[in-house]
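Enquirer: Okay, here's what each chain looks like letter by letter:
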Amino acid sequence: MTEQLLEIEDLEVSFATEDGVLRAVGGVSFTVSRGETVAIVGESGSGKSVTVMTLMGLTRSPNARFAGTARLHGEDLVSAPEDKLEAIRGKEIAMIFQDPISALSPVHRVGAQIAEQILAHEKIPRAAALERAIELMGRVGIPNARARARSYPHEFSGGMRQRVMIAMALSLSPSVLIADEPTTALDVTIQAQILDEIRQLSAEADNGVIFVTHDLGVVADIADRVLVMYAGRLVEQGSVDDIFYDPQHPYTWGLLGSVPRVDRDPPRRLPAIPGAPPSLLRPPPGCPFQPRCPHAFDRCRELPPLAPRLPDAGHLDRCWLTPDDKRALRETDGRIGLTEGAAS
Amino acid sequence: MAGFIARRLASAVLLLFATSVVVFAIFEVIPSYNPARAIAGREATAVTVAQITQKFGFDKPFYVQYFNTMKLIFTGQIIDYQDNLNVVSQFVHRFPVTLSLVVPAAVIWMLVAIVLGSISALRAGGWLDRGLTVAAVTGVSIPVFLLSATLLYLFAFRLPWFPNTGYVQFGSNPAQWAYHLVLPWLAIAVLFIGFYSRVLRSNALDIVNQDFVRTARAKGLTGRQVFIRHVLRNSLMPIVTLFGLDFATLLGGAALVTEAVFNLPGIGQYEANAIGQLDVPPIMVGAMFTAFFVVLFSALSDVVYALLDPRIRISS
Numbered sequence: 003m004t005e006q007l008l009e010i011e012d013l014e015v016s017f018a019t020e021d022g023v024l025r026a027v028g029g030v031s032f033t034v035s036r037g038e039t040v041a042i043v044g045e046s047g048s049g050k051s052v053t054v055m056t057l058m059g060l061t062r063s064p065n066a067r068f069a070g071t072a073r074l075h076g077e078d079l080v081s082a083p084e085d086k087l088e089a090i091r092g093k094e095i096a097m098i099f100q101d102p103i104s105a106l107s108p109v110h111r112v113g114a115q116i117a118e119q120i121l122a123h124e125k126i127p128r129a130a131a132l133e134r135a136i137e138l139m140g141r142v143g144i145p146n147a148r149a150r151a152r153s154y155p156h157e158f159s160g161g162m163r164q165r166v167m168i169a170m171a172l173s174l175s176p177s178v179l180i181a182d183e184p185t186t187a188l189d190v191t192i193q194a195q196i197l198d199e200i201r202q203l204s205a206e207a208d209n210g211v212i213f214v215t216h217d218l219g220v221v222a223d224i225a226d227r228v229l230v231m232y233a234g235r236l237v238e239q240g241s242v243d244d245i246f247y248d249p250q251h252p253y254t255w256g257l258l259g260s261v262p263r264v265d266r267d268p269p270r271r272l273p274a275i276p277g278a279p280p281s282l283l284r285p286p287p288g289c290p291f292q293p294r295c296p297h298a299f300d301r302c303r304e305l306p307p308l309a310p311r312l313p314d315a316g317h318l319d320r321c322w323l324t325p326d327d328k329r330a331l332r333e334t335d336g337r338i339g340l341t342e343g344a345a346s
Numbered sequence: 005m006a007g008f009i010a011r012r013l014a015s016a017v018l019l020l021f022a023t024s025v026v027v028f029a030i031f032e033v034i035p036s037y038n039p040a041r042a043i044a045g046r047e048a049t050a051v052t053v054a055q056i057t058q059k060f061g062f063d064k065p066f067y068v069q070y071f072n073t074m075k076l077i078f079t080g081q082i083i084d085y086q087d088n089l090n091v092v093s094q095f096v097h098r099f100p101v102t103l104s105l106v107v108p109a110a111v112i113w114m115l116v117a118i119v120l121g122s123i124s125a126l127r128a129g130g131w132l133d134r135g136l137t138v139a140a141v142t143g144v145s146i147p148v149f150l151l152s153a154t155l156l157y158l159f160a161f162r163l164p165w166f167p168n169t170g171y172v173q174f175g176s177n178p179a180q181w182a183y184h185l186v187l188p189w190l191a192i193a194v195l196f197i198g199f200y201s202r203v204l205r206s207n208a209l210d211i212v213n214q215d216f217v218r219t220a221r222a223k224g225l226t227g228r229q230v231f232i233r234h235v236l237r238n239s240l241m242p243i244v245t246l247f248g249l250d251f252a253t254l255l256g257g258a259a260l261v262t263e264a265v266f267n268l269p270g271i272g273q274y275e276a277n278a279i280g281q282l283d284v285p286p287i288m289v290g291a292m293f294t295a296f297f298v299v300l301f302s303a304l305s306d307v308v309y310a311l312l313d314p315r316i317r318i319s320s
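Sequence order for the protein chains is A and E.
Per the working numbering, the first sequence starts with residue 3, numbered consecutively.
Per the working numbering, the second sequence starts with residue 5, numbered consecutively.
The hints are simulated quantities; they were obtained by calculation from the structure and are not laboratory data.
Only a predicted model underlies this, so the values are computations on that prediction, with no experimental measurement involved.
Stretches of chain E that chain A covers, calculated by requiring three or more beta carbons in the stretch to come under 8 Å of a beta carbon on chain A:
#: 1; segment: 203-216
#: 2; segment: 219-231
Chain A side only, calculated, beta carbon under 7 Å to chain E, not exhaustive:
#: 3; residue: 58
#: 4; residue: 91
#: 5; residue: 104
#: 6; residue: 107
Yeah, the Cβ is synthetic: ideal placement off N, Cα and C, and Gly gets one too.
Please take these sequences and the hints and turn them into a complete structure.
Expert: Put into structure tokens, the structure is as follows:
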């Protein structure tokens, strides 16, 4: 039995805006175990970033409301006081952000920025922290680390900057590493290197990783388990194989169907999911995907539960269709996809 | 760096030249302007005025007069028409007074503006922020002469806490020096506190939403560390440029209203008198004096800015 690091239950996040209450995350539950990589996929605005930032208390503001719990080693992060969170941030949970140029301070040397995180949690001399920063930079593959530690972020390439972020995030061997679209802003070749780096270093540290992305190629590459989010809710969750070979939710079919495949002739137009994600201010009744789903029927006006599909209890989805219906409906032209305009 | 200094020196020479020409030309076109009559005095005969006109060369063409005036300025022999005093030595004598007024006032306004601007940004939208906004707008809007006179009335006349105008040299009695300058310092600082604290507040509110501030929080820094090391550090950079120019013009005599109201014998007061009498030499020297400080401090603030922001390089 692997050790469960993080246990998130019914996490809800909403923000008071001028136009009303925006429910960004509506009741999300999942766990992260030691040595496991959990990917959260979904399109922009699906609530995936808000979910992981809430775990670090970074979404706290006078306009934000939270419900549910997120327990790290049994301690709730959602209701934790700020000083407690400060001790946890960076040490127990660390985060790698999407855009490494804006995520690093432009006016501080990178070595000092890494050392700053170490010094925030450990009472050691500054010189010792800098020494560790240099060693960390070497470990994430930054050549000539001692000299580069004195450089500023704008003197690094995108990939090297992201390596700095990784060195910073892993500096205190956190038990949970959150990577929020860490490769989105990078070239494809650099992407692969950075993914390797994250995979290798987190395997060494034996921590749990939450990987937020909208890139299914990255998911297939790195994840053990996948959570599919749509309009602030989990619509499907399962192992990588479950999601890629036996997807249950029509939204997942649409996601998979919109990825070009190298083993087929390219279609004239890449299939897209029709319509746009619903407003989080005024969500549709029932299943959030129902307005865009070609297979929606009467019952979809009621929100389906996130239910396990027997016999595999680890694979859950939020859809009223029966397993047989799903198997019949998800195939289009011999591949998984969302049939446009299909009658229900 | 050498190129930077050379370019700034060249622009300084150009700016001083342009300033002096423009100021000189302004007096050429003022219709009732007659320096010879001013020098000769109220009771002078037409013959005396004519002699003076001849002696000072006021009948010469514009460019000859300009050239002569500039020659007198740079040889230190220029005298004002009103009192026949050497203008350059007046500036030398009066400059310490202006320094005594401006430098401490600048320290006060920077410190108070940073504190109030930070509080406003940290409490943005709250009652404290709203109160400070009202105070800042009031401070910016109130005319300096009114503020100075009000301060004098309230704290020197009504409540005799501070002396009613006057100046004591720092060298003769530092405590009396400061005691006499408290109200003038406040009179100058209030305007800049209002302005700078507003600028700092809006800078800080922009910076707070930057990704690197989120990273700083994600590292586990305390709220205070995040604010001072990351938010404030970056919010102060634009203020350096503002400060350079404001400080420069004040040193050049822009505090003339304050000096006049509080009867401080600085270069501002001298300038104020000269402007009232259309006394060209002090005005010329004053304008060039100010232009010199503006060039000097804009170069200095560029250097400081480059030191604060490693992305900026001053050479080439």
